[in-house]
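Given chain A, work out where chain B with the ligands should sit, using these hints.
Read top to bottom, the protein sequences are chains A and B.
Each residue of the first sequence is one higher than the last, beginning at 1 in the UniProt record's numbering.
Each residue of the second sequence is one higher than the last, beginning at 1 in the UniProt record's numbering.
Just so you know, nobody snuck in bad clues.
Short, incomplete list of chain A residues facing chain B, as computed with Cβ under 10 Å:
(1) Ala42
(2) Leu72
(3) His95
A short list of chain B residues far from chain A (calculated; beta carbon distances all over 10 Å):
(4) Thr105
(5) Asp110
(6) Ala123
(7) Trp147
(8) Pro187
(9) Asp230
(10) His327
(11) Ser329
(12) Gly363
Note that these hints are calculated values from the structure, not bench results.
Small disclaimer: the values here were computed from a predicted structure and weren't measured.
Cβ atoms here follow ideal geometry from the backbone N, Cα and C, with glycine treated the same way.
Protein chains: 2
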Amino acid sequence: MTTATGLSFDQKLANYADLLVRVGVNLQPGGRLFIWAPLDGAPLARLVVERAWAIGALAVTVEYQDERLSRLMYDHAPEAALDYAPTWKLDEPMHQVDEGYSFLTIMGSDPDLLAGADQERIARHSRVMAQLYRPFNERFSTFEVNWSVGAMPVPSWAARVFPDLPPEQAIQALWEAIFVTSRADQPDPVAAWQAHVAQLARVREHLNGRQYRALHFRNAHSDLEVGLADGHIWAGGAGPAQNGVVGVPNLPTDEVFTAPHRDRVNGTVRASKPLSTRGTLIEDIQVRFEHGRVVEATASRGQDVLTALLDTDEGARHIGEIALVEHDSPVARTGLLFYNTLFDENAASHIALGRAYPFTVEGDLKAAGGNDSLIHVDWMIGTPDTDVDGLRDDGSREPVMRGGKWAF
Amino acid sequence: MTTATGLSFDQKLANYADLLVRVGVNLQPGGRLFIWAPLDGAPLARLVVERAWAIGALAVTVEYQDERLSRLMYDHAPEAALDYAPTWKLDEPMHQVDEGYSFLTIMGSDPDLLAGADQERIARHSRVMAQLYRPFNERFSTFEVNWSVGAMPVPSWAARVFPDLPPEQAIQALWEAIFVTSRADQPDPVAAWQAHVAQLARVREHLNGRQYRALHFRNAHSDLEVGLADGHIWAGGAGPAQNGVVGVPNLPTDEVFTAPHRDRVNGTVRASKPLSTRGTLIEDIQVRFEHGRVVEATASRGQDVLTALLDTDEGARHIGEIALVEHDSPVARTGLLFYNTLFDENAASHIALGRAYPFTVEGDLKAAGGNDSLIHVDWMIGTPDTDVDGLRDDGSREPVMRGGKWAF
Ligand SMILES: [Zn+2]
Ligand SMILES: [Zn+2]
Ligand SMILES: [Zn+2]
Ligand SMILES: [Zn+2]
Numbered sequence: 001m002t003t004a005t006g007l008s009f010d011q012k013l014a015n016y017a018d019l020l021v022r023v024g025v026n027l028q029p030g031g032r033l034f035i036w037a038p039l040d041g042a043p044l045a046r047l048v049v050e051r052a053w054a055i056g057a058l059a060v061t062v063e064y065q066d067e068r069l070s071r072l073m074y075d076h077a078p079e080a081a082l083d084y085a086p087t088w089k090l091d092e093p094m095h096q097v098d099e100g101y102s103f104l105t106i107m108g109s110d111p112d113l114l115a116g117a118d119q120e121r122i123a124r125h126s127r128v129m130a131q132l133y134r135p136f137n138e139r140f141s142t143f144e145v146n147w148s149v150g151a152m153p154v155p156s157w158a159a160r161v162f163p164d165l166p167p168e169q170a171i172q173a174l175w176e177a178i179f180v181t182s183r184a185d186q187p188d189p190v191a192a193w194q195a196h197v198a199q200l201a202r203v204r205e206h207l208n209g210r211q212y213r214a215l216h217f218r219n220a221h222s223d224l225e226v227g228l229a230d231g232h233i234w235a236g237g238a239g240p241a242q243n244g245v246v247g248v249p250n251l252p253t254d255e256v257f258t259a260p261h262r263d264r265v266n267g268t269v270r271a272s273k274p275l276s277t278r279g280t281l282i283e284d285i286q287v288r289f290e291h292g293r294v295v296e297a298t299a300s301r302g303q304d305v306l307t308a309l310l311d312t313d314e315g316a317r318h319i320g321e322i323a324l325v326e327h328d329s330p331v332a333r334t335g336l337l338f339y340n341t342l343f344d345e346n347a348a349s350h351i352a353l354g355r356a357y358p359f360t361v362e363g364d365l366k367a368a369g370g371n372d373s374l375i376h377v378d379w380m381i382g383t384p385d386t387d388v389d390g391l392r393d394d395g396s397r398e399p400v401m402r403g404g405k406w407a408f
Numbered sequence: 001m002t003t004a005t006g007l008s009f010d011q012k013l014a015n016y017a018d019l020l021v022r023v024g025v026n027l028q029p030g031g032r033l034f035i036w037a038p039l040d041g042a043p044l045a046r047l048v049v050e051r052a053w054a055i056g057a058l059a060v061t062v063e064y065q066d067e068r069l070s071r072l073m074y075d076h077a078p079e080a081a082l083d084y085a086p087t088w089k090l091d092e093p094m095h096q097v098d099e100g101y102s103f104l105t106i107m108g109s110d111p112d113l114l115a116g117a118d119q120e121r122i123a124r125h126s127r128v129m130a131q132l133y134r135p136f137n138e139r140f141s142t143f144e145v146n147w148s149v150g151a152m153p154v155p156s157w158a159a160r161v162f163p164d165l166p167p168e169q170a171i172q173a174l175w176e177a178i179f180v181t182s183r184a185d186q187p188d189p190v191a192a193w194q195a196h197v198a199q200l201a202r203v204r205e206h207l208n209g210r211q212y213r214a215l216h217f218r219n220a221h222s223d224l225e226v227g228l229a230d231g232h233i234w235a236g237g238a239g240p241a242q243n244g245v246v247g248v249p250n251l252p253t254d255e256v257f258t259a260p261h262r263d264r265v266n267g268t269v270r271a272s273k274p275l276s277t278r279g280t281l282i283e284d285i286q287v288r289f290e291h292g293r294v295v296e297a298t299a300s301r302g303q304d305v306l307t308a309l310l311d312t313d314e315g316a317r318h319i320g321e322i323a324l325v326e327h328d329s330p331v332a333r334t335g336l337l338f339y340n341t342l343f344d345e346n347a348a349s350h351i352a353l354g355r356a357y358p359f360t361v362e363g364d365l366k367a368a369g370g371n372d373s374l375i376h377v378d379w380m381i382g383t384p385d386t387d388v389d390g391l392r393d394d395g396s397r398e399p400v401m402r403g404g405k406w407a408f
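One chain only, chain A, in its complex shape (with noise of 0.2 Å):
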């Protein structure tokens, strides 16, 4: 199979191999790789393994995920199990995190896994394995090592995407959105992301020169001031880890974005496109402010789902990412909805329920206004009617959006 761009199938997923390891952790001659794959991941993890060891990785392990057995878990298990959490279970990320591993996941997720399933014990295993989790998720969130994610299709999730296909249709059609919008189409997909990356990085530094207190966002359903950590930063597309190796965290990636003030969020907003989170998708959610909280939330479909989010902890009720992304981005262009918040969430602007990004202020988190909760879950917000303004400190105010392309 060929398109337009002329490189084969299998051109393309070579690329996509060599952009996750090259672009995506940038894995170094001497490195280690640790890698997460679906279950049927195995061609594109071959791949990415056969590149690692063309640099000279030192070493690369690969953790195949069935997600089948959650569910089991979730409908079979007896209650003990959902909290079977033995710290010694940290053991294992925490020293590949010693000794400066990278990490990049494959998703590749059935949108429907957990449809039906009980939300409760979903919730009471998640919070455990948070818990658990935490030393090496603060680890990782901050960069100590380089990490990456990208994705393939599974049959499930590829139907989901193109219900009007037949099967292996649908698994040709979401590869092709996939390399489209990770550039692996390309015939220089490496030089293809040092150009975003620096259209990105251009706009990220207008907006930390700029020091914006808020953002006043507004379009036909929303009107929502969004107030900024103190001292935050833009972040978005490529960034060193602490080692100084640059990677790019999500392939692909078209967002800027920073961490909210947990207290200062006021107004209503609309999402412009649904939610699809623990196998539900959430439409039509509307969302009231005041000071920070989350005071009124409904959804046309998937409200309790909606409202057991909320009630995860105090900081899921408040928001930790204000993310812009133009309305006509790569994602945007293929028009579809990924039910994949690694593609969807660079298809327009958004806001993330939950814990923000410790890198994205100075200092402190917490001491700077950064939420912290134990879930983290984008919405879109961003519409091609969407417009954006930073507000200074001195009362002014500045055009950074206008009909949902950059003002600046």
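Just chain B with the ligands now, with coordinates in the frame of chain A:
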């Protein structure tokens, strides 16, 4: 699909999963289970997991093995990667033994996986891994916890066993062979296993009662005297782990076996079946022992692999197991070469180069004359014309096997 016993494929698969959990590791309520499964072993692994939850397990983990990754490492990794073995990799399995985990291995390998690969790189890495995991393997092989080994077809393996069948039929035929030899095709497989292990216990107890100094093994091509370790114990079939829980370590199993004395094996022996190891089929092995040591070893094919095997370490030239199997065992009756020791060792009496099992002697293995090595490789020597005598301390001899059948 149904067979003579009237059970459908799905019923037999369910029976097999049930046998692995209830007869193999004999998982108890509140127990923990770790499962190694081939990458395409999800259908069986998930059934096993469901059984485990139904029994009331506290923890169930599946680790899927992509054996192609080993091959990629042998072919492409830098030298240093072959020696990479951080001690923290041992922590998790040791904690699992501490917690009393049961371990279930579902084999399913390409017999040709390592064909043509660099034998020295394989030996080097295997040595490093054996050293690293030695403390775990010692606790494992002394049955500090329950463990069991089963198998499932993978396409490459099925094609090797049934080279004349199309892929799908080869898989089905290999499944049938696994079901038949494992009694999963029987209406009450658990009861069938109870009867079978009772029969093996009768043989074992007879031999333990006789405490032969040596076995004299004869057929048209072999004349071998195998001195037995001091205080040797015949094992086989079902047995209790140190926790008292009775399991069956191999499904199928039709052997009784014990530890030879490492320095008291003399004579010549010819293999009665090819030995499939490290991706090579070694044919027509002929070996001469002097004072327990292999002083001559030839093969019509795979001589280099045989030599490399014998040169692994000093103990690799001595034997650590002598096993007796009737010539018409269920595995023998299939008439198949399985290219997998789990099955093939149950087709005929055999010996193993390398390490003896500590539980096959009273007290200290070394003091008893039991052999030690990084390897343990079984190969078949039994035939329908094999006679075995037991030699007593007083110089008398008693029939143990006549024409490949028990003689007591
Ligand atoms: Zn985002
Ligand atoms: Zn986010
Ligand atoms: Zn044996
Ligand atoms: Zn053996």
